[in-house]
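A.B. asks: The residues making up each chain are set out below.
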Amino acid sequence: MSDFLVLAKKEIKNLMRDRKLIFGLIIVPLIVYPALGKMMQFGFESATKETHVAIVNFDDGKYGELLIKALNVTPNVTITVISAGSVDDALRKALQENQNVLVVIPHNFSESIESDEAATVQIYGVFKEIGSGMRESVSEGRINAVINVLSEEIAKLKVRELGAKNPDAVLHPIRAESKSYLLGRIVDVPPTVVSQVLASQSYGLPLIVFLMVMITSQMSAGVVASEKENKTLETLLTLPVRRTTIVASKITGTAVMGVIAALAYMIGLRQYMAGFGETGVSLSELGLSITPAGLALFGVVVFLTIAFSLSLAMLLAVFAEDVQSANTVVSSVILPLAFPSFVLMFVDISQLSALWKYLLLASPFTHPVVDYRYLIAKDYTALGASIAYLAIVAGATLYVTARVFASEKILTARLGWGRQKGRE
Amino acid sequence: MLVEVENLEKDYGKVKALKGISFSIREGEIFGLIGPNGAGKSTTLKILATLLKPTGGTVRIGGYDVVKEADRVRTLISYLPEEAGAYKNLTGREYLEFMARLYAKDERKAREMLQLGVELSGLGERLDDKVSTYSKGMTRKLLIARALMVRPKLAILDEPASGLDIVNAYEIRKTIRRFARSEGTTFLISSHNMLEVEFLCDRVAMIADGRIVETGTPEELKTKYGAENLEEVFMRSIGVSIPEPVGGEGS
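Going down the list, the protein sequences come from chains A and B. Numbered by our numbering, the letters in the first sequence go through residues 147 to 570 in order. Numbered by our numbering, the letters in the second sequence go through residues 2 to 252 in order.
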């Protein structure tokens, strides 16, 4: 087995046996996120399960009764007609009977409709205690939907009575047909849905990139700092192994763990997001499919970004004396560098001035986000330029890290400039 | 000569840790570098172990320059720092196996090294426990075994029994002496424990304030200064008069 494999295997074994690390990076996302998603789903389902609606009818006409009948046949709605002398009285009874909503039909309801005036129905959400309010909100939504349908049907009847042949066209004389024009193609999908699909891509990817960068950089800094903290570094550096092999094995070991952790986060997040439903439109339906070659190129982008963050973190960890201070140093440098990738969640880089565009692109962490957009737009020239930039930055950082590892700086460098290690 | 040190200097900024020291070590010799804390012992050992670069002077091990041919030097040496640890999440056996695989170029040699390491450590079944469960003495035995099992041309041991209780320190010294006799390995040992040095070393160099003040066998030095032990030799060599034997580690 080569020296590189022996060292990389040791790194992975050492990290895999770190219970705190495994718990924080793999167990937590795999258990906590899905559990959180399930809880949200359970809360939503129990809120939408059955709506208890109390109705007090002060109207003598036919339209009050019609509304009650319409609500009665609405799915997931249980109607209780209560008799009360006033609205206050009705609210007290609704509260006692654990109703979520009270619908008040006023005495002039039918009269108003019949005399071609707008009739009003009052809807009260009945809050028994300060809870999530989800149940009351869902109930109100359902009643509004019923009232809208009823209102529409009554309007159609009235328009027909006035002699119109097509009441629907009279009520809605203009109808909008939404389509989208995307990358030179017309797609039969409304812009709001396209926007939702694109937004889900631009929110999800920066988050995953950010997680991977933070996890792997903290881990690689920890790997170097723990060598110092556990007093194993000096021995390691006197072994008959090239320093570049030591650096490469540490990067590989932490990258493997980082990918496992990122996968755990992605699986956990997917489970969590599953509780909230999807748009039902995929990228390929919008004509934005990703080819296998494009995916491979994107793999190179992610690999180079991770290689940059790992070697930068290792370089920074050289200046720390223990794992805790290494984490602090790495966070304070990597976080500001990764921040621009979050800006790209809200900003379209093509709309920015050249100065801002190149300032944002100077951070290697923005490239996976931007490159993903190039990828779905099949702009391989821009993707190639980005890969070249990342290769130069990652290569240079790796070179500097290997040089520092080959020098005595790794033993003597400290954050307090000018302060030297105590000598024997 | 296996080791040749000439006019070695090392500066840490404005602080001069070594002010031009010279000594040489013959093959198969156990050479002791003795002196108080801050004298420059560890700095010298770290330069020989290729960890630090000298400000001036030269060091050759087996004919190779420790700066220009550091990679070649590392194949000849095995270094044990004063404050050393092992990977806590590995078992003792896994740690020895990991090190053996980096030194041995084939599977058979790696197995032989591991076997020797297991014997030298004397940890028995505890080798299958994680290093994090080891006491300080057990960890040090594991590290000594690691340093010796690779049968280096030169073993550089910085304070090999430092901070250990009397039993563990005794066992470690015995292991080193037995190994030196059976394998003929050359040792460079630093210590401020004069008893340890007298017990182990064929020849010693006394270092104070970055300079070597005396070199010779323990017997030669004691005779030269009319001293009962190396502690008295050291004090007299640096010009401190001793009215009566003093206590402490080396007395």
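If you are wondering where the hints come from, they were derived from the structure by calculation, not from laboratory data. You may find that some hints are simply not true.
Cβ pair distances, simulated, as ranges [to be verified]:
1. Leu151(A) - Ser25(B): 20 to 28 Å
2. Arg212(B) - Tyr545(A): 49 to 57 Å
3. Gly227(B) - Glu467(A): 43 to 51 Å
4. Tyr545(A) - Gly14(B): 25 to 33 Å
5. Ala181(A) - Gly14(B): 25 to 33 Å
6. Arg212(B) - Glu554(A): 33 to 41 Å
7. Gly14(B) - Lys377(A): 52 to 60 Å
8. Asp12(B) - Gln497(A): 15 to 23 Å
9. Gly240(B) - Gly170(A): 57 to 65 Å
10. Ile177(A) - Asp66(B): 20 to 28 Å
11. Leu151(A) - Gly240(B): 28 to 36 Å
Treat the numbers as computed from the prediction; the structure is a model and nothing was measured. Every residue gets a Cβ at the ideal spot worked out from N, C-alpha and C, and that includes glycine.
A.B. asks: Hint by hint, where does the structure go against what was stated? Just the numbers, ascending.
C.D. replies: Hint check: 1, 2, 5, 6, 7, 8, 10 and 11 fail, others pass.
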